[in-house]
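Listed below are the residues making up each chain.
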Amino acid sequence: MIPASFDYVRPSSLDEALETLRDQGEDAKVLAGGQSLLPLLRLRLAYPGTLVDVGRVKELRGVADRGDHILIGAMTTHYDIVTSPIVREHCPLVALATATVADPAVRHRGTLGGSLAHADPAGDLPAVARALDMEFVVRSADGERVIPAADFFLDYLETALDPGEILTGIRVPKLGPGWGFHYEKFHRTAQAWAIVGVAAAVRRSNGTIEEARVALTNMGPTPVRATAVEEAVRGAELGAGGVLRAAASRADEDTHPPADLHARPDYRRHLARVLTHRALLAAAGTT
Amino acid sequence: MTEQLDAGVAARQIKESDVLSGAGDGREVGRARRRKEDARLVTGRTQWTDNIQLPGLLHVAFLRSPMAHARITRVDTSVARTQPGVVAVFSGQDFAAEQGSLPCAWPVTEDIVLPDHPPMAVTEVRYVGEAVACVVATDRYKAADALDAIEVDYEPLDAVTDMTAALEEGSPKVHEAGNKAFTWKFAQGDIDAAFRDAAVRIDRTYVQQRLIPSAMEPRAVVAQTDGDSFTLHSSTQIPHILRVMLALTTGIPEHKLRVVAPDVGGGFGSKLQVTAEEVLCLLITRRLGKPVKWTESRSEGNLTVHHGRDQLQRISVAADADGRIRGVKVDLLAGMGAYLMLVTPGVPLLGAFMYSGIYKMDAYDFTCTGVFTTKMPTDAYRGAGRPEATFAIERIVDELAAELGMDPIELRRRNWIQHAEFPYTTVCGLTYDSGNYEAATDRALALFGYDKLRAEQADRRERDDPVQLGIGVSTYTEMCGLAPSRVLGSLSYGAGGWEHAGVRVLPTGKVEVVTGTSPHGQGHETAWSQIVADALGVPFEDVAVIHGDTSSSHKGMDTYGSRSLVVGGVAVVQACEKVKEKARQVAAHLMEASPDDIEFTRGEFRVRGTGTSRTIQEIALATFAAHDLPDGFEPRLDAEATFDPDNFSFPHGTHLCAVEVDTETGATKIRSYVAVDDVGSVVNPLIVEGQVHGGIAQGIAQALFEEAVHDADGNLLTTTMADYLLPSAADLPDYTTDRTETPATTNPLGVKGVGEAGTIASTPAVVNAIVDALRPHGVHDVPMPCTPERVWRVLDQARTTAQSTDGGL
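Chain order of the listed sequences is G and E.
No gaps in the numbering here: position 188 of the first sequence is 173 in my numbering, and each next residue is one more.
No gaps in the numbering here: position 178 of the second sequence is 158 in my numbering, and each next residue is one more.
Only chain G is shown next, with the shape it has when bound in the complex (with noise of 0.2 Å):
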């Protein structure tokens, strides 16, 4: 790879990080697993003046329980997620889709925390914190503030952090139980981005749908809840296959899928409806 040039910091705290951006402004670029920017860099499409590489900073590293909810440390890799107890038992979508997530090189160098900063929304990890209503924990030299997934994704590789601002952690609310999860990727090759990716979580009481909770990866520039969705099959009877059918065809409403070398919007758009009713009937244990 022969990148343009770059100056290189590697801190070893947190706060070393935070006042290298604070002193670097805008021309400073943090990495994380290095698996987005890298690429990025590769083909000169990022000319950051600074790499601030965070991937000696330890406390922004593991997965804790914290009651109500789990603390992810935002250079937590794919890998570790997949691994961790803490996150199987009580976020399975979580290690569902993170282990879709590339490949196995990929996943142990790739982290949480850089995939979402990055905010792809082809991405499989920014869908799933919309699904999951993550939080996202925020800090900069002047101190800390939490992010709601709902505000945090702007534009196409845009966040809500401002420059000078790491991401440090995610939290992910526990859901209690009664949950069922799926996350149903569509893509052409076991490495390639999903050309559409849907997260379900459905809550089933007594053969009914009693909650359901559905994003959708690549269908525009951020990922997207897919909120007709979710009402459609609010209180819908689990035999009655029609009825998730019928909620799944709103899958793309609302939604402005891209045109790329994959598939274009009106294929997205098929698929989106496809793959929910297959992620709604997963998630809630019928097939």
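Among the hints, erroneous ones may be present.
Partial list, computed: chain E residues near chain G (C-beta under 8 Å) [to be verified]: (1) ARG120; (2) ALA124; (3) VAL689; (4) LEU705; (5) PRO707; (6) ASP711.
Rather than coming from a laboratory, the hints here were simulated on the basis of the structure.
Note that the structure is predicted; figures quoted are calculated from it, not measured.
Ideal placement from N, C-alpha and C gives every residue a C-beta, glycine not left out.
Given chain G's structure and the hints, the job is docking chain E onto it.
Relative to chain G, chain E alone:
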């Protein structure tokens, strides 16, 4: 499912027993030897071109045209020259007087348009990525950085990206002489009669999409000079051809130019080329007197490694009502891209003789028009011409079967050349020396569980299952082992097809083999060692193979076209025979016997009927000492041989593919894949297995994944591996492989070549399976690559057509 698993296990067991029998008789040929070169290759502890470091080495970066077609009106390199670390900056004008034209060695017709092809554009660019200037700097990064400081003014000209449009009146011209490079025709038999009398006629158009060969090792070049002579290291398949061509192109005398292909990480035809970068690195080092290196990035490679395929095939077949094929007509447009490179125009000719496949017929008619477009030139890519031909004939035979309501296997049986009919001269005039299509097909059907899968297919159709099952058949053959020099000459190719080998027994009895083949992943060091071990009776470990350096391997035609074993391996055998005869003279002399009374078995010369013997190692030492040799005997135990084959070789086989097509999403999943190949006798079953696996993967990749996509302005959109999709192991099925062995009769090893077979066979097997799955929906074709979106759109269109037809009735 269980049945397939069992079948797979059975096939693997057969492999192991092969291996054991090979080892059991003490022979090396036939043994599944692990490759002796692999340890250094897979650990990277070897000399790849990019690993080469030299004192004072400078680095080259190329500025490439961002426009598909434009006039260059100004190039200003003055600012770039002042950038940090920059040693020199050159534009095309700087080399205009000495860079010559990149060679095309295969002008297929006398009236072919053969445009001037400057390594660096001087006045006009004709594809995106064409080099227009270069920076030479003290490191790679500084060289790349300084490219931004070069100013180039372009006057845009219209791009021509579509072959059909390129041939229309008034189309923008890629070259002054027009967009038609050549028309090449070939006809046998009375084609009009065949079509006139036929009960059935089917016409189809197939598109062979552009492919980007994606060798694991990117291209790299290191050029150096001592002021008088030059050495060029290149990641190339063809060090010998390259030396001749570079000598002719640059004016460096051939004896002052050494070309080295060190270990090379794959080529697939893409390194069968004389590239602009090779020529320019030599010119730069000549100009500066300093060593230079260039290594391409992957995106640079996607743009400027020659592309493959790019053909538009119009094919028609005529048949009797009982399915007997009468004749085949082919009208081909072959995309040349912007220039004719080393064998660009010849690629479709390598397919011209293969459109009759394994079938008998009365007549054949072939027309090929080479078309210029403003895209990267095409050239050889694994199979080169033969995958295209095989695809078209195997696809249309399936269409014929569907039209006649006949099982595609049964239709093939009615038409193929029977085992008893070999040698058989086909309608195209090729003489297939040997083959057994019945045996390979019967074996494949058994391993596949054909009848059971057909039953499941019927069941899914009956139930209107959203996931439909399809079965694809490909009974391929190919012509390889390139090639008889006389035949190449008759096709206007610029060189011969022989191969050379030298074998020398060292004083201690160890053996060095010098081969003119140039391996880049094939395992020649192992296979040649096995051949020599048997021929001279020395241990496998005692053989070393030297290749790829024109100063140590002075003569060769290099590696492509599944030729290395079939031509180069035979040369090794012949050189060994000469060595053995020399050793026999010495042995007879030392044992005071007549050479006619000396038997040779497993490295030992024995006087017939006695206990007196000498090992070849003893003979080697005696020859080295030279104290007691026959009168007039030259004290050397070495020999060379050059083998020019009389005929091509014709591997064949039957590949069967079962796919599940999700009619809701358009996704295709390969459920099972059976390949029974007949590549003649086998030197190393492991190497054959590896070639078959890789070949099938590459063919599946064309069917499902790969496509070089350009926009209307001629910009390549697939410049990264995120856009140009290569399948990995995770995307490919387990293969069930087996072999039948019908030895070639045209060479002493009985071998046929295996480098391209899998790629040639698998593409039509997969597409036939997809179309078979969807045929009840009214689908007759899915263009490649059969992406989920394409399948979905084809289905959608077929349903719409069906509905409107229903409405009309």
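Status of the hints after comparison with the structure:
no., hint, result
1, ARG120, "6 Å, holds"
2, ALA124, "5 Å, holds"
3, VAL689, "6 Å, holds"
4, LEU705, "5 Å, holds"
5, PRO707, "6 Å, holds"
6, ASP711, "5 Å, holds"
Consistency note: the structure conflicts with none of the earlier hints.
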